[in-house]
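Just so you know, the protein sequences line up as chains A and B, in that order.
As numbered in the numbering used here, residues 69 to 388 make up the first sequence, in order.
As numbered in the numbering used here, residues 1254 to 1372 make up the second sequence, in order.
To be clear, the hints were calculated from the coordinates, so they are not data collected in a lab.
This structure is a prediction, so every number in the text was calculated from the model and none was measured.
Some clues are possibly wrong.
To give a feel for the contact side, a few chain A residues facing chain B, derived at Cβ under 10 Å [stated by the list, open to error]: (1) F141; (2) K143; (3) D210; (4) G224; (5) N248; (6) K250; (7) P350; (8) S351.
Derived DSS-like pairs (lysine-lysine); straight-line CA-CA distance at most 27 Å [unchecked claim]: (9) B:K1366 - A:K356; (10) B:K1342 - A:K143; (11) B:K1296 - B:K1366; (12) A:K250 - B:K1349; (13) B:K1342 - A:K215; (14) B:K1366 - B:K1349; (15) B:K1342 - B:K1366; (16) B:K1296 - B:K1342; (17) A:K215 - B:K1330; (18) B:K1296 - B:K1330; (19) B:K1296 - B:K1370; (20) B:K1289 - B:K1370; (21) A:K143 - A:K326; (22) A:K250 - B:K1342; (23) B:K1296 - A:K250; (24) A:K266 - A:K326; (25) A:K215 - A:K161; (26) A:K250 - A:K326; (27) B:K1296 - A:K143; (28) A:K250 - A:K161; (29) A:K250 - B:K1330; (30) B:K1366 - B:K1289; (31) B:K1296 - A:K356; (32) A:K223 - A:K166; (33) A:K250 - B:K1366; (34) B:K1330 - B:K1289; (35) B:K1330 - B:K1370; (36) A:K250 - A:K215; (37) B:K1289 - B:K1342; (38) B:K1342 - B:K1330; (39) B:K1349 - B:K1370; (40) A:K266 - A:K250.
We treat Cβ as the ideally placed atom computed from N, Cα and C, and that holds for glycine.
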Amino acid sequence: MGNEPMTDDLDDGMSRRRLLGRCAGWAGAGALYTMTGGVASSISLDAALAAPKRAGGARPFTFLQISDTHIGFDKAANPNARGTAIEAVEKIKALADKPDLIIHTGDITHLSTDAQFDDAAQILSGLGAPVFYVPGEHDFLDEGQGKAFLARYGKGAHGTGWYSFDHDGVHFVALNNIANLKPGGMAHLGEEQLAWLKGDLAGQASSTPIVVFGHIPLWTVYEAWGWGTDDSAQALALLRRFGSVTVLNGHIHQVIQKVEGNVSFHSARSTAYPQPAPGAAPSPGPLKVPAEQLPSMLGIRTARFVRGGEPIALIDQAFA
Amino acid sequence: MRFKFSILRRVALVAALTVPAVAFTTAKIEAATPAKVQAVAIKGFAFTPQVVTVAPGTTVTWTNVDEDPHTVTANDKSFHSAALDTDDKFTFTFTKPGEYAYFCSLHPHMTGKIVVKAG
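Between the sequences and the hints, there should be enough to build the whole structure, so can you do that?
This is the structure in structure tokens:
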């Protein structure tokens, strides 16, 4: 399929000097996760940024993950989710290392209304890089069960909105695991999507780095809260032969990681509100924290890809 | 005279048919169904009560008190709500006896059941 489905074309309007100036104030809050030989380790973000870039091969590039903007959410856990989404956009625009592309791992809106989709599109329109979307369950709440999302972002996608594209030798696969969910189950990919995935991956060399992104975790984080995907084992079986697989998701509004062989799984922070750690509360509803603590629990994620066997490095950055 | 008699006969007939029928229906309702409405709360990502038995004709009202939206969706799709935001309600009247399993189509680990049974 075409190279860039489901994107917004965005302007590119900020000078590098301005970007660097804006970046200085907030870059120190994250941790850099590296995956080597299947073992996760973490170093401070400052140390990572100070490390020299590797020479040789094609140019390294970064891409960015934003998730769970929940435009329209105004409850106690964050009465100003619109404002924190705008803050995230401002931080992204201020990044010194400009991302080649941005992925949004779903729950763009809170209730799938046209007004919320319009507002989200306007807020996210200034990001300065193409944005690739997958829907969260909050984006499929319209009577048409996803028609509103697909009308905006589904051009060129298959089924309920899955697709793939390539960027600088990395194969990106966008999955939808929030449609047609079954009673008593968790997230679900379904036979049609799995069959498509099999065909899509069949053409890829095992040495091609793969980035899979979807809304709900593809590994079981916590079954009692539905934080997993019923039929993900079939997808993971198809991914096993690849040397580097990075799976990125949202939904659970917190950073949790797991490594399984060559596959690393990472859930991201929301820009709207935090949720409790698995099992740490009676239910997974929005977590209310003191206002001054909220910025430390919201964030975005930068991924840096360096050709030559290094796994993709992820930098999770909280707002404070 | 003929005319007058005809009217009288008609009134008598209507009275004879209607009055006992009304009395019979009322008696049956009182005996079988003390309540014709039933509330179910959607709270803490659960339906409470999770399983509830009602008489035919009962109107069930679900109220979402969570900060997250939820839906009420029959497993067989025979009824379904729109997305219910905080404090939104959904009502459905169950006329036929049977077991109606439902779930939240956003959070499918949330399940419930309405059992409709004549008393």
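Hint numbers the structure violates, sorted upward? Numbers 4, 9, 21, 25, 28, in rising order.
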